[in-house]
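Visitor: Below, each chain spelled out in residue letters.
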Amino acid sequence: MSQTALLSIKGITKAYPGVVANSDVSFDILPGEVHALLGENGAGKSTLVKMIYGLVRPDSGTMEMNGTPYTPTEPRAARASGVAMVFQHFSLFEALNVAENISLGMENPPAQRDLARQIREVSEAYGLPLDPDRLVGDLSAGERQRVEIIRCLLQDPKLLVMDEPTSVLTPQEVEILFHTLRKLSSEGTSILYISHKLEEIRALCDEATILRLGKVVGKCTPRDTSAAEMAEMMVGKSLASPARVNADMGEVVLKVAGLSVEPATPFGTPLRHVGIELHAGEVLGIGGVAGNGQDELLAALSGEVTTAPGTVVLNRVPIGDTGPNDRRALGLLCAPEERLGHAAAPDMSLIENALLTARQRKGLDRSGFVDWRATRAYAEEVIQAFDVRTPGPDNAARALSGGNLQKFVIGREILQDPKVLVVNQPTWGVDASAAAAIRQAILDLAGQGAGVIVISQDLDELLEVADNFCALNEGRLSNLRATKGLTMETIGLMLGGAHDMHDLDEEALHADA
Amino acid sequence: MLTLEKRPTPSRGWTLATPVLAVVLTMIAGGLMFALLGKNPVEAIRIIFWDPVFNTQFASYTRPQLLVKAGPLILIAIGLSLGFRAGIWNIGAEGQYIMGAIAGAGFGLAFYPSDSPLIFPGMIVAGALGGWAWAMIPAILKTRFRTNEILVSLLLVYVAEKILASAATKFLRNPEGHGFPGSRNLARIDSMNNPELISGTGMHWGVVLAFIAVIAAYVLLNRHLLGYQIKLAGQAPRAARFAGVNPNRLVVMCLGASGALAGLAGLFEVTGPAGQISIDFNVGYGFTAIIVAFLGRLHPIGILLAGLIMALTYIGGELAQLMLQIPAPAIQAFQGMLLFFLLALDVLSNYRIRIKSEGVA
Numbered sequence: 057m058s059q060t061a062l063l064s065i066k067g068i069t070k071a072y073p074g075v076v077a078n079s080d081v082s083f084d085i086l087p088g089e090v091h092a093l094l095g096e097n098g099a100g101k102s103t104l105v106k107m108i109y110g111l112v113r114p115d116s117g118t119m120e121m122n123g124t125p126y127t128p129t130e131p132r133a134a135r136a137s138g139v140a141m142v143f144q145h146f147s148l149f150e151a152l153n154v155a156e157n158i159s160l161g162m163e164n165p166p167a168q169r170d171l172a173r174q175i176r177e178v179s180e181a182y183g184l185p186l187d188p189d190r191l192v193g194d195l196s197a198g199e200r201q202r203v204e205i206i207r208c209l210l211q212d213p214k215l216l217v218m219d220e221p222t223s224v225l226t227p228q229e230v231e232i233l234f235h236t237l238r239k240l241s242s243e244g245t246s247i248l249y250i251s252h253k254l255e256e257i258r259a260l261c262d263e264a265t266i267l268r269l270g271k272v273v274g275k276c277t278p279r280d281t282s283a284a285e286m287a288e289m290m291v292g293k294s295l296a297s298p299a300r301v302n303a304d305m306g307e308v309v310l311k312v313a314g315l316s317v318e319p320a321t322p323f324g325t326p327l328r329h330v331g332i333e334l335h336a337g338e339v340l341g342i343g344g345v346a347g348n349g350q351d352e353l354l355a356a357l358s359g360e361v362t363t364a365p366g367t368v369v370l371n372r373v374p375i376g377d378t379g380p381n382d383r384r385a386l387g388l389l390c391a392p393e394e395r396l397g398h399a400a401a402p403d404m405s406l407i408e409n410a411l412l413t414a415r416q417r418k419g420l421d422r423s424g425f426v427d428w429r430a431t432r433a434y435a436e437e438v439i440q441a442f443d444v445r446t447p448g449p450d451n452a453a454r455a456l457s458g459g460n461l462q463k464f465v466i467g468r469e470i471l472q473d474p475k476v477l478v479v480n481q482p483t484w485g486v487d488a489s490a491a492a493a494i495r496q497a498i499l500d501l502a503g504q505g506a507g508v509i510v511i512s513q514d515l516d517e518l519l520e521v522a523d524n525f526c527a528l529n530e531g532r533l534s535n536l537r538a539t540k541g542l543t544m545e546t547i548g549l550m551l552g553g554a555h556d557m558h559d560l561d562e563e564a565l566h567a568d569a
Numbered sequence: 294m295l296t297l298e299k300r301p302t303p304s305r306g307w308t309l310a311t312p313v314l315a316v317v318l319t320m321i322a323g324g325l326m327f328a329l330l331g332k333n334p335v336e337a338i339r340i341i342f343w344d345p346v347f348n349t350q351f352a353s354y355t356r357p358q359l360l361v362k363a364g365p366l367i368l369i370a371i372g373l374s375l376g377f378r379a380g381i382w383n384i385g386a387e388g389q390y391i392m393g394a395i396a397g398a399g400f401g402l403a404f405y406p407s408d409s410p411l412i413f414p415g416m417i418v419a420g421a422l423g424g425w426a427w428a429m430i431p432a433i434l435k436t437r438f439r440t441n442e443i444l445v446s447l448l449l450v451y452v453a454e455k456i457l458a459s460a461a462t463k464f465l466r467n468p469e470g471h472g473f474p475g476s477r478n479l480a481r482i483d484s485m486n487n488p489e490l491i492s493g494t495g496m497h498w499g500v501v502l503a504f505i506a507v508i509a510a511y512v513l514l515n516r517h518l519l520g521y522q523i524k525l526a527g528q529a530p531r532a533a534r535f536a537g538v539n540p541n542r543l544v545v546m547c548l549g550a551s552g553a554l555a556g557l558a559g560l561f562e563v564t565g566p567a568g569q570i571s572i573d574f575n576v577g578y579g580f581t582a583i584i585v586a587f588l589g590r591l592h593p594i595g596i597l598l599a600g601l602i603m604a605l606t607y608i609g610g611e612l613a614q615l616m617l618q619i620p621a622p623a624i625q626a627f628q629g630m631l632l633f634f635l636l637a638l639d640v641l642s643n644y645r646i647r648i649k650s651e652g653v654a
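Protein sequences appear in the order of chains G and U.
Oh and the first sequence: position 434 is 490 in our numbering, straight run, nothing missing.
Oh and the second sequence: position 10 is 303 in our numbering, straight run, nothing missing.
I should point out that these hints are in silico values taken from the structure, not numbers from a laboratory.
It cannot be assumed that every hint is accurate.
Said to hold, decoys possible - If you want a taste of the chain G side facing chain U, the calculated C-beta under 10 Å gives, among others:
#1 Tyr-72
#2 Ala-355
#3 Asn-381
#4 Ala-401
#5 Met-404
#6 Asn-409
#7 Asp-421
#8 Gly-424
Glycine included, every Cβ here is placed at the ideal spot set by N, Cα and C.
Modelling step: build the complete structure from the supplied sequences, incorporating the hints.
Guide: Here is the structure:
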């Protein structure tokens, strides 16, 4: 290699009890390079970047920064060496404004007015418009991410680490982000880009290191490698895409009309006149950037939030004013996004978690007394049918990996033979093979004549499973479009995205010119 | 370097072992404290834990006290544990205990001197209702106006104490008591008496009810949907709502149950061991029961054992004060240690300790 590496990682190993998160990982990041770190959930990407950012210390192996040993003991030391990181989950205070949030993360924050000026300068220079005086609670997910990025850029980093940055963005926002990242890279900032989205990596990155089960299993130049090849390296086998069993759409099974819900918290999203007509055998995809009313919509459909009777009608029965269990009894089942704490109780066993939603339809109680034997049998049935990897149904839900718990949650609903199933983010944070299994199960369910609503931020997923598509934006649902023939551009426009989307488009265009 | 590591599933072994270990550590640390006070630690520990039950000289007096003291503690703690499991914090059992006693005694005395066999059952119902009604105040304020049940229930204790003082000196005062405060002695009125059922054991109807409550709570929590919902609401409130649990209904039910049980404890106390409504009728069972509930890990069987241990340290502590002149604050510190060690060791059931070598190889 002709150029000296900015950051050189040599033989890093890190073990946690029971798992080796990283085993003898080595790679170099050159100055100005956009380097992809690619791997499934649990491949060890996060552990590795935590070590680079000083949050975790390696068991063995060394890191070198510009040829000198680099051993950050805490994030502050990493920042002092020029490493900045944008996390997947934002750490922002909703009740504070942008400048206040940014100053909270700085070692020696300047006066608010100077900082606001700096924020404006940086945000203009990198095409990331952001008003320092706005409350973070009012910002879209994409804008919140900009706050985090600008917080990093103000430190003038040499290496910017980005952990799954696009999972919350619309296609247009992704373009803007890539534009910024390319500009940074052209100025000599290296970027370590963590993702499992292959097309993005092909569009953005110069080099890629692929991790599987904590080991480096391959390196490639993404531009010259096909997505399928990278996927194979990442998963270790080729994946079949879900196949749709052809089913004709039947009658309308779920009708939502004029559904408006005020948010429970000041920063929640109100639902405004949402209307849905779901047919038997149909998979309806609802896309949208996080925080546009997905949770509220699921709560209104599950019965956690009740409305006027006629706003939600299941098989001609008005159920808008009924609670979750009445709706379950009629065949409307839901799987919320948050697995731990909402779809499942973390400290309870899988048996107890099976009882959580399956009591009515599976008859798991006799006049109030729980039939634990039947409940255990049902939990075992779910574990078996959905290939949930766990030592047994007595294990606590929190002991399962995200993908396995998600398979359990989805399986628990599907095996109850729902008339209508509503799932929110069914494969979020789930590894590729589990995601494929879950999508297949959703398609199979629709094939058997149930109506399915898939709420997701993963547009590829929606295009793969949904017959029809509509977008949720600030609590409003767009018109329905057949998924067939939809382009990413059309979808992006439907999603609406950030509040100042249109200005952004123009700016991006000008900057390109 | 020692580090704590979260266990994927709580350790069953440690959950059972920590209470025993806590008692042992309390004995060691308490023994040290007694030694520093210049008392013989072994003798002090023996007097606290052994003599109340097995001493040939005075165990015949102290042994019945064990059930007399443990009964109300267990009864109240069982009720509290249901709410605590659901994340509903009734801190005011002392007040509900007082109001149960006043309501029950008031019902009985209203019919004085009738000797109808229905009087005592009626008093039991009135006692339960008194405690229940007092607990409904924080329950309704919480469900209607989102007030904090911890504050409301606690402050109502002091209101109840004022009502108790008023009852003892005014509306329930013994008209034949020569102006002394305090009601008629219910224990001496046949139709209102809660007698010792088996002589020399301290067993009375309240103790019987406490044992029944232990069994009922066990069945409720392990077999019944309501118990499942209580646990679910405490562990994962959002999942509970998803499972169709109505949080307001749960608040009313849990506060109601703990209030009614505390009221019953008060009723059985006033008709039995205490005998009458007096200004200093309440001796802190309602507050100690909170400790008992946690000492027993909010588990019915645990509460049964914790109530007995707690009663033992009370009786033994008094004995140690009497026989070794150990100061009362030292005894309270000793009881505090028990709670401290139990809560401190609690971490072991959810975490494991690992010894890690420092530095990077």
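Visitor: Hint by hint, note whether the structure agrees.
Guide: Here is how each hint holds up against the structure:
no. : hint    : in the structure
1   : Tyr-72  : 9 Å, holds
2   : Ala-355 : 9 Å, holds
3   : Asn-381 : 4 Å, holds
4   : Ala-401 : 4 Å, holds
5   : Met-404 : 7 Å, holds
6   : Asn-409 : 8 Å, holds
7   : Asp-421 : 6 Å, holds
8   : Gly-424 : 5 Å, holds
In summary, the structure agrees with every hint in the numbered list given earlier.
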